[in-house]
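So the sequence lines, in the order shown, correspond to chains R and Y.
For the first sequence, my numbering gives the first residue as 44, with consecutive numbering after it.
For the second sequence, my numbering gives the first residue as 625, with consecutive numbering after it.
It should be emphasised that the hints constitute simulated quantities derived from the structure, not laboratory data.
All values derive from a computational prediction rather than experimental measurement.
Errors might be hidden in some of the hints.
As the list claims (entries may be wrong) - Here are a few chain Y residues that face chain R, going by a calculated C-beta distance under 10 Å:
#, residue
1, Ala627
2, Ala636
3, Gly770
4, Asp773
Ideal Cβ placement from N, Cα and C applies to all residues, glycine included.
Here is what each chain is made of, one letter per residue.
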Amino acid sequence: MLTAGLFYYISGDPASAALGLAVIAVNYGFLRSLIGERRETQRDRIYFTSIGFNAASFVTLKLALEQAGSAWSVFGVSLDYPIGFSFMILMLHAALSDAYTEQHAPRARLGTFVLFATFFPYLTSGPVERLRDMEPQLDQLQRPMGEDLRAGTALIALGLVKKLVVANRMGPFIEAVFAAAQPQSATTLAVAIALNVAYVYCDFSGYTDIARGAARCLGIEVRINFDRPFASRSVTEFWRHWHISFSTWIRDYLFMPLAYSLRRVTSAAPMLAIVLTFLVVGFWHRAAWTFCLFGLLHGIALALELRFGRPLDRITPGLRRLSGTVAARSYTLAFLGLTIVLFSASDVAQAARIIARLASDALLPWPRELFGYLGPFLFLLMGAAIVLWQVMERWHERLSARATPAFLVTAALLVLFLGSEGPGFIYEQF
Amino acid sequence: MLAAVLAFGGAALGADYLLARGIAHSEALEAGRLARLAEGRDPEEIPIFGASKAEANYMPEALGPRFYNYGLASASQDVANYLIALELQKPSRQPIIIDLSQGAFENVGDPRNYLLLAGRPGTRKLLERAGVWRWYYAVPGLRFYGSWDWYVKGLLTDRIALTKRVVRGYVHHLDEAPWRADQFASDVEKRLQNPLHWSIDLRQAKDLIGLAHRAPERQFVIVLSPLHRSFLAHATGEAEFRRQLTAMAKAVPNLRTIDMTRVEYPDPYFLNTGHLNQTGARAFSVDLRRELLRLEVI
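Please take these sequences and the hints and turn them into a complete structure.
Here it is as structure tokens:
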């Protein structure tokens with residue numbers, strides 16, 4: 044599996060993969076040094092040197108290769124941003140941090156460590172795995188059981204439906220509306236913004252399902268990454284259910300240490316730590332103002348919720364439970380819709396134009412241009428997205444062995460008849 | 625699991641059959657029109673080939689009873705040559721009309737137009753050359769992946785929305801917006817800033833000559849259809865283009881050219897600076913018919 048994984052990793056762009064492998068090798072050196080070292084001061088020195096190295100390599104490569112959008116030429120060899128590097132660096136740091144804090148005593152076999160860092164299902168877009176979860180599985184690979192193949196195939200099928208049927212159908216509409224030269228009506232923009240949330244979810248969680256399914260077919264369990272995020276009643280709750288492997292990583296390895304360090308400086312340490320953490324989250328996605336602003340806005344929302352509680356709990360105490368839930372979810376979805384525009388916009392100015400237009404133009408009942416964009420597929424897409432995020436997130440786990448073939452046939456026919464080729468996965472670009 | 629595979633295969637092939645034999649065969653769709661050509665449904669028709677100018681400018685009702693418009697938007701001379709090769713399989717002695725673009729390009733337009741013909745020789749090469757071939761185009765049951773809605777919507781637009789009426793390959797847009805002077809002036813302004821460079825692709829031209837050699841009993845008529853004067857205002861490369869065209873005509877006795885590039889039509893006859901609207905198409909087709917009669921092509 045290591046050989047096949049390395050072949051996959053290297054075959055795309057050998058020179059850039061070599062850069063990634065060099066970073067893995069250095070981190071392996073840090074890990075071995077940490078394991079063998081009992082003296083506290085030496086352990087501190089190794090750990091903080093590793094943080095400096097990883098942060099410097101990430102920021103340098105992010106700014107120089109990804110942001111500039113051009114390759115480095117070193118001795119005539121062209122170097123690009125290594126595939127999956129943003130995810131890999133998080134996993135490497137977590138491995139070192141867990142060893143440093145002695146939450147995990149890794150065996151740290153070289154082959155296992157390299158396989159952990161380059162395991163093909165999660166290499167490009169996560170989930171962000173931990174060495175402590177993967178090492179026992181990778182050290183003693185088991186022959187996949189029939190149940191693994193059944194569950195893995197079902198997960199892959201679900202992911203393909205999310206990506207090819209729902210996300211790829213929505214993508215061109217959203218792109219056309221956001222990039223249109225002519226001003227779009229507020230209704231069209233509102234529909235595009237709502238679909239954009241579903242689009243990002245179906246694209247990303249679709250990838251995660253495929254990654255988890257592929258790993259499961261090899262007998263390896265990869266962590267769940269989404270758990271009905273749009274049922275969240277606040278932005279805080281949303282981040283507990285969205286990209287879970289990443290949000291728990293930032294909680295454990297960024298927010299907690301930062302809040303701990305800042306508590307001596309200010310009484311508002313947790314709030315400040317949240318804002319700073321999410322600024323880093325924005326930068327991690329891409330070194331661009333749109334993503335930094337996305338992170339900042341989420342950081343501020345989370346800080347305010349931490350300080351004052353969920354906003355609608357205060358505003359709507361008299362509301363009955365159902366209407367309170369609807370109001371809270373609407374607030375969360377509206378916030379997400381407006382901020383995820385920054386994810387899709389080419390720059391802050393375009394995002395500002397979209398939001399301003401939405402605010403200034405009256406909502407029309409049903410603009411003609413929408414028919415041109417989507418026609419009858421609009422309702423199908425919205426309905427499919429709602430069903431997928433509310434019903435199917437955990438549904439496949441209850442899928443019986445007898446029902447699996449019917450599910451697979453249904454998924455395959457959905458992909459065949461309604462699927463569409465489209466751009467690659469959104470998170471591949473990070 | 626075998627039952628699942630069989631169920632999927634049966635459903636996919638059944639649906640493929642329905643689409644390929646029914647929906648996609650409608651001549652309201654470009655794909656259906658190409659299937660008509662490939663099947664040789666009318667051996668005595670006079671086909672018109674070319675890109676969007678052929679599609680927009682040639683109205684068979686005004687040209688004569690046997691004409692059929694096979695123009696395809698964004699389709700290069702490679703596509704016209706591919707369609708001419710299909711046409712030459714018919715036992716026909718009718719002339720072939722080719723609208724030659726004044727500027728060469730290499731697109732094939734929408735690959736979905738060719739899926740019914742994916743198994744025919746030349747189709748794969750044509751799509752591969754344009755970089756749009758997908759492996760599943762050759763697999764019955766899978767070949768329409770990503771396109772099902774496109775065919776169905778195309779047919780529904782024709783049958784239910786009633787926004788267009790297709791008569792012998794020419795699309796009458798029933799919802800065509802009225803001509804507007806200000807909009808056209810804006811088109812003219814843009815065109816003046818983006819002048820035409822006359823060019824001819826020598827490989828495509830050589831292929832066309834080869835086809836004409838193959839069928840000496842048929843007349844190949846290259847037509848240069850009208851452009852708005854703004855298109856020609858700062859154009860370059862015309863002399864070389866004409867030299868190549870003359871060489872082509874000399875190389876093959878059954879190939880002749882009709883140049884109507886500079887025939888002046890009023891501005892309201894234009895959809896934009898490169899294409900005529902329906903009023904303009906009717907006028908141009910009447911003029912072209914007169915010219916074809918004068919040259920004894922028809």
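Status of each hint after checking the structure:
no. : hint   : result
1   : Ala627 : holds (6 Å)
2   : Ala636 : holds (6 Å)
3   : Gly770 : holds (5 Å)
4   : Asp773 : holds (7 Å)
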